[in-house]
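S.K.: Here is how the chains run, residue by residue.
There are 6 protein chains.
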Amino acid sequence: MFEKQIEKAETLVEALPYIKKFRGETIVIKYGGSIMNDDSLKKKFASDIVLLKYVGINPVVVHGGGKEISRWMEKIGKEPSFVDGQRVTDAETMEITEMVLSGKINNEIVTLINSIGGNAVGLSGKDANLFTAKKITGKDQKDLGFVGEIVKTNEGLLNTLQSANYIPVVSSVGQSLEGETLNMNADNVAAGLAIALHAQKLIYLTDIQGISKEGKFLEHITLFDAEELLNHPDIKGGMKPKLSCSVKALQQSVKDVHIINGLIAHAVLLEVFTDYGIGTMISR
Amino acid sequence: MFEKQIEKAETLVEALPYIKKFRGETIVIKYGGSIMNDDSLKKKFASDIVLLKYVGINPVVVHGGGKEISRWMEKIGKEPSFVDGQRVTDAETMEITEMVLSGKINNEIVTLINSIGGNAVGLSGKDANLFTAKKITGKDQKDLGFVGEIVKTNEGLLNTLQSANYIPVVSSVGQSLEGETLNMNADNVAAGLAIALHAQKLIYLTDIQGISKEGKFLEHITLFDAEELLNHPDIKGGMKPKLSCSVKALQQSVKDVHIINGLIAHAVLLEVFTDYGIGTMISR
Amino acid sequence: MFEKQIEKAETLVEALPYIKKFRGETIVIKYGGSIMNDDSLKKKFASDIVLLKYVGINPVVVHGGGKEISRWMEKIGKEPSFVDGQRVTDAETMEITEMVLSGKINNEIVTLINSIGGNAVGLSGKDANLFTAKKITGKDQKDLGFVGEIVKTNEGLLNTLQSANYIPVVSSVGQSLEGETLNMNADNVAAGLAIALHAQKLIYLTDIQGISKEGKFLEHITLFDAEELLNHPDIKGGMKPKLSCSVKALQQSVKDVHIINGLIAHAVLLEVFTDYGIGTMISR
Amino acid sequence: MFEKQIEKAETLVEALPYIKKFRGETIVIKYGGSIMNDDSLKKKFASDIVLLKYVGINPVVVHGGGKEISRWMEKIGKEPSFVDGQRVTDAETMEITEMVLSGKINNEIVTLINSIGGNAVGLSGKDANLFTAKKITGKDQKDLGFVGEIVKTNEGLLNTLQSANYIPVVSSVGQSLEGETLNMNADNVAAGLAIALHAQKLIYLTDIQGISKEGKFLEHITLFDAEELLNHPDIKGGMKPKLSCSVKALQQSVKDVHIINGLIAHAVLLEVFTDYGIGTMISR
Amino acid sequence: MFEKQIEKAETLVEALPYIKKFRGETIVIKYGGSIMNDDSLKKKFASDIVLLKYVGINPVVVHGGGKEISRWMEKIGKEPSFVDGQRVTDAETMEITEMVLSGKINNEIVTLINSIGGNAVGLSGKDANLFTAKKITGKDQKDLGFVGEIVKTNEGLLNTLQSANYIPVVSSVGQSLEGETLNMNADNVAAGLAIALHAQKLIYLTDIQGISKEGKFLEHITLFDAEELLNHPDIKGGMKPKLSCSVKALQQSVKDVHIINGLIAHAVLLEVFTDYGIGTMISR
Amino acid sequence: MFEKQIEKAETLVEALPYIKKFRGETIVIKYGGSIMNDDSLKKKFASDIVLLKYVGINPVVVHGGGKEISRWMEKIGKEPSFVDGQRVTDAETMEITEMVLSGKINNEIVTLINSIGGNAVGLSGKDANLFTAKKITGKDQKDLGFVGEIVKTNEGLLNTLQSANYIPVVSSVGQSLEGETLNMNADNVAAGLAIALHAQKLIYLTDIQGISKEGKFLEHITLFDAEELLNHPDIKGGMKPKLSCSVKALQQSVKDVHIINGLIAHAVLLEVFTDYGIGTMISR
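Line by line, the protein sequences are chains R, V, F, E, L and Z.
For the first sequence, my numbering begins at 434 and goes up steadily by one.
For the second sequence, my numbering begins at 434 and goes up steadily by one.
For the third sequence, my numbering begins at 434 and goes up steadily by one.
For the fourth sequence, my numbering begins at 434 and goes up steadily by one.
For the fifth sequence, my numbering begins at 434 and goes up steadily by one.
For the sixth sequence, my numbering begins at 434 and goes up steadily by one.
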């Protein structure tokens, strides 16, 4: 009798070496991709975050917007506009973007985590000037509107919240020194915060398995490998900026970057609490 | 020479007795009304908040939505619906309401305060379960949709933020134990937080001078007077629930309630840093 | 793919409600019985203790001696002596008892826990006067030699160690006010420390399933039931004093007592992290 | 209506940028000159000190003696004695000097500050060995008696008092390693403490507008300018040692030195809370 | 060999039980009487104070003025004036009294303690409003001038200094709510501070052995005995108010009062570190 | 009268300069030699340790086993075995050694210190991995069995205990990374802990006066002298490794090493609280 329960207990104690290794460390998780459309996966993700916190690891969740922004733009009859294939964010688009990111998606994640026993607090770059952004342009300096990248972080608030046992959930909306609200790439924001917090790990949840090169999936590569890969033709689309952010994070203070498939249930726990993991790990 | 500067210095030192009296105390300010439509007044309001914080007083700002919600409802072609004169909040209205309150107005106030040198952090009832709500009904138990009132506060997060010198800005969006997002009366939320924080003062910014009775403006009344006033025919419209919240706050832990005209520049400073004040003060 | 890992992750997150419930609480575990002769079970026990600590629960381990004392008495050619069936502890027996308990078994448990990543510190009642004992006598005041029971605790050292994240392991050797070293009943010591620490749980590891009455196993009883049971003929042998200690602990400050079978692998985790548990639970 | 009050509120918020800039910093103020003979100015000075403290700036007041020493020397029929124009401090003069400085003037300043709501504590170099002095001689090594300059500071007491929100008021009486009580130049003591505390500002209250050179008043000069000025014929009398102290302070850790006219009401506030100020500012 | 040193070491360890008993407690010592005229005794007194501090006891020294005030009054040609045998303190007398107490005697004690390795800080009732006084009158309401007794203490500064390991030395000069400087009875001040600090002991240094009644010296009496003694004809002169202060201190929060002969070398140590002591001990 | 008590008080204050010098510092004392067989000397030793703690110095006691191990080996009929004159520790010898050191001698010292008012806590290298050992071999790599030397310390537990005012008592039993229990040279352990704690002093209690060279006793030598002495023919037997440990300790972080005669009563106090001391002092 009790065989099944004993097996479960074994599973709990198998996590001990990983807990020991990462206790007290910060792990920044970029939450995004199709997982955001799957209620069951979302709840599992939230469980992973709470479990990390409960065992003494400090998770920080960073998120972007996904399809929800488009849905609301349609609602108000707004046509998307592009320049050389890049979305242009005009003032009204920025308004709706911020409302969706900071007023809807962020709250949903906060609520989900709290419903499982976490103590999440929603933030954006504007709260206590968590991060400052600057406007970026497209190819040939073409105007993309209110789009920015991180230029400075002010991580004091995150430290205050972490040491009081709260879980920060950060939407990728920032502000420039000139006071403009800017739409930020969430991968870029996650990397910036991971660097500022000297994170142990930066984890990107994506819709694919990880990085592949010449048809071969890469389980574990070094920063050096990653730097080389940046110019490889197999690195394209969304993976290119993600890898670029990864390299920057590792060059500065982050220990490991993981690019994993968020569509696998409990992807975060699997990646943190097993040796081989489920995606691509890039280490210094 | 220097006469004008000396006069200004005199003004600064005139504030000393008030600073001495309220240092270390919490003041909850319900921000709302037409002030939200006036950029110059808004900036002055933000200055007042930062000054309070700088002299060692702990302000907490609570806000509702005003006309911005209606503007966005129109944008998506949504007709307002009423039951016995009370607005009914259906699911889609609640969605847009939360986005406007927590994703737009809250961020604007945070940004305004930070631009003046404060360290504001935006919150809603959902963050770390700051407050829990329950659905309320209209007259004769008529369904008003997703509308609620505060039933429980969890003020730990406010204490953490205050002692680390942040200024909390709270949107009046809450959540029920059943997980429904509810639109809250901001006057009710402000009173609930003031009670939980044992606030020295609860200040309501309105569009009128304060409370008048039988054609006479009331500068200073007692809790006893206020309890009597509750049933007076002159107390009607929005003043009735506001006075009811005031009475509840004073009956529990709040020392003074002020109902003042937010359209007067620096209304908050004038009320806190002078003896007579500019509106109606209700004291225990 | 990953099915097995995902299942394991599910097991981890299933523990969340229990972790949430018991975080920050103290659990005193009386370690003893045949588990002490089984290297595999011992290691599993140590894992359970470390896991509790890692998730923010404060375990305190109390142990007696078991067969090891007899083995060493034989080695020095010492015959056991009895009065009315109770062992008599003369001075030389006390000497060897203390050496085995505090110098051998205690160190083994400490080492085991540390090998798994815990930070255990071995103590006895003598360290910082952790507990003070008084001599007890057998039936009709017959002299049992150096045998005692707890009369006073001085739990400051345990608090210091717990808040610095150490795991205390306490041998049941005490000292009287007169300076005599006394052999203590470990069940009694565990109850005394659980009371002093206002423990959430006091867990007795035994060699049987728990408490049975009239052929029926009792899964969950109240303190009231337990008080009644004390005089029931089915409660006999070692269970009688154990139940008596349980009742005393519950009457004072302890919330739950568990009498469980230490021969089930991971018995402690199973009892703490599931609702039904594996033994008898007595609650206030 | 309320125009005047609103104007006052404007004045308060105008101070915000200065408060922000100097919060948490230390400002050492040498109080002296004719202001000490004017009750109204003294009270205004005390208000300025309390206001600085209330907005989070840490003032330290250092004072010398002025005419009060002479008045008491006359009372006991003591003739002043000079060597090459420098006052000679014999043992009895030192006794009366210490009594007047530490037992009269110091207490008056403490009392004044406390009457306005500050929490001032009076000290001299002797308290917790705040500073140690050595005897100095006049021209050609002529004996000046018990006159000294600062050689070592022990600022721990000031840090303790500041962080507990007290305002230190320091009389310029010191002690040599040999145990002699020495009369110190208060400008020298103020500079020594400003250096030890890494003060943001060192402010000298004098009876003149500031530094003038070749008939031209100097509003803002650099440390380099000040070093050059030291040998300029226009720098003479009491200004020479004051400028010398200023240069030493700036060469070490002090950020700005201000030499201002204490006879202007609220001179300290005007200098700290405006950009142009009212006297001469010397910056690194 | 080493016999003498070993004997000295024995003496050190003999103090252990007393140190254990009084560690962390506050002892207020009224320093006064003829000891103030004997340099050797003064130094021994200072050593006692430093030793108490070094072993973890918190001494607070309170002093009056003795003959030094009279010496300075003579210097300025001031005649003492009396009403019914009580000294009248006019404004000029108060001025010189404060200068002597706070500017001379206080500094001497501070310096003495510091020379032996203590960290003394001189205070009066004016520092941080340590105590507030009110004017008292003589028999039949006759005006005694600027003479007062303690009505309120504000012991925060003493706590701050004690916990930062400083030794407070307090002169018996106070201030009334009306801002008048008042000459205080030092016995009264010592009792007031001992009460406010919940002192373990209040020790009065006098010039006599202690209390005698009907020719018999009293080594140890109870508060009850002391209350009875208050009206006994043998209690007269300075002993009457001293006993009255003692009774008041014991009735409130002080554990023991000691009235001892300051002319015995190391009187304080002898009283604190031996069981029988050298004077009269009054206990609750 | 009181002459004798006054003399004793003088003795107490004579200790002031030494207390001042060593307050807050750590002193590691290797307790061993014939003192362990003398109940009166042991009690005096314990008094010295408690007194050091009471005056703010942090003692750490390290002990070996002495004759008690041999006595217990005889009891179980175990013959000692030697290789080239060095004792060989087989598994059973190690078992009995640990029981005697950690289960008997350690407890005796703890109890002795506590009986005098100290708060001692017994530890070995196993507690919280206080120190890690590695096996050492004899001449020509001959196997000595379970004998080791310190290779790594983990002094966190000592810091925790010291700052909570406990006195650590450490038995010289360690563990290798491979999990073997090893018998350690206590001189080596004392030096290792002194280095890790940056101790002010490392004191070796021996049975001789200290170090002599060419018939001359050495009172005070430098580290340089000690390094030279290492190869001198007069340094032999147990003194050679002791001197070698001393040199290593001084080369790293320890300020002074003392080699003294534990048979002199209060040897520790005499050495710490007098200038000349009673043994050989080696200073950097």
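By construction, these hints were calculated from the structure, which means they are not laboratory data.
A hint or two may mislead.
Said to hold, decoys possible - Below, simulated DSSO-like cross-link-like pairs (lysine-lysine); rule was C-alpha separation at most 27 Å, straight line:
(1) V:453 / E:454
(2) R:454 / F:585
(3) V:453 / L:475
(4) F:585 / R:437
(5) V:681 / V:572
(6) F:585 / Z:476
Stated by the list, open to error - Sample of chain F residues with no beta-carbon within 12 Å of chain R, all distances over it, derived:
(7) 445
(8) 480
(9) 512
(10) 662
(11) 694
(12) 700
Stated by the list, open to error - What follows is a list of derived Cβ distance ranges for each label pair:
(13) Z:470 / L:435: 14 to 22 Å
(14) R:598 / V:574: 22 to 30 Å
(15) E:524 / F:592: 55 to 63 Å
(16) E:653 / R:587: 29 to 37 Å
The C-beta atom is built at its ideal place from N, Cα and C for all residues, glycine as well.
S.K.: Evaluate each hint against the coordinates.
M.R.: Evaluation of the provided hints:
no.: 1; hint: V:453 / E:454; result: holds (22 Å)
no.: 2; hint: R:454 / F:585; result: violated (39 Å)
no.: 3; hint: V:453 / L:475; result: violated (43 Å)
no.: 4; hint: F:585 / R:437; result: violated (42 Å)
no.: 5; hint: V:681 / V:572; result: holds (21 Å)
no.: 6; hint: F:585 / Z:476; result: holds (25 Å)
no.: 7; hint: 445; result: violated (6 Å)
no.: 8; hint: 480; result: violated (4 Å)
no.: 9; hint: 512; result: holds (41 Å)
no.: 10; hint: 662; result: holds (24 Å)
no.: 11; hint: 694; result: violated (9 Å)
no.: 12; hint: 700; result: violated (9 Å)
no.: 13; hint: Z:470 / L:435: 14 to 22 Å; result: holds (20 Å)
no.: 14; hint: R:598 / V:574: 22 to 30 Å; result: violated (41 Å)
no.: 15; hint: E:524 / F:592: 55 to 63 Å; result: holds (58 Å)
no.: 16; hint: E:653 / R:587: 29 to 37 Å; result: holds (31 Å)
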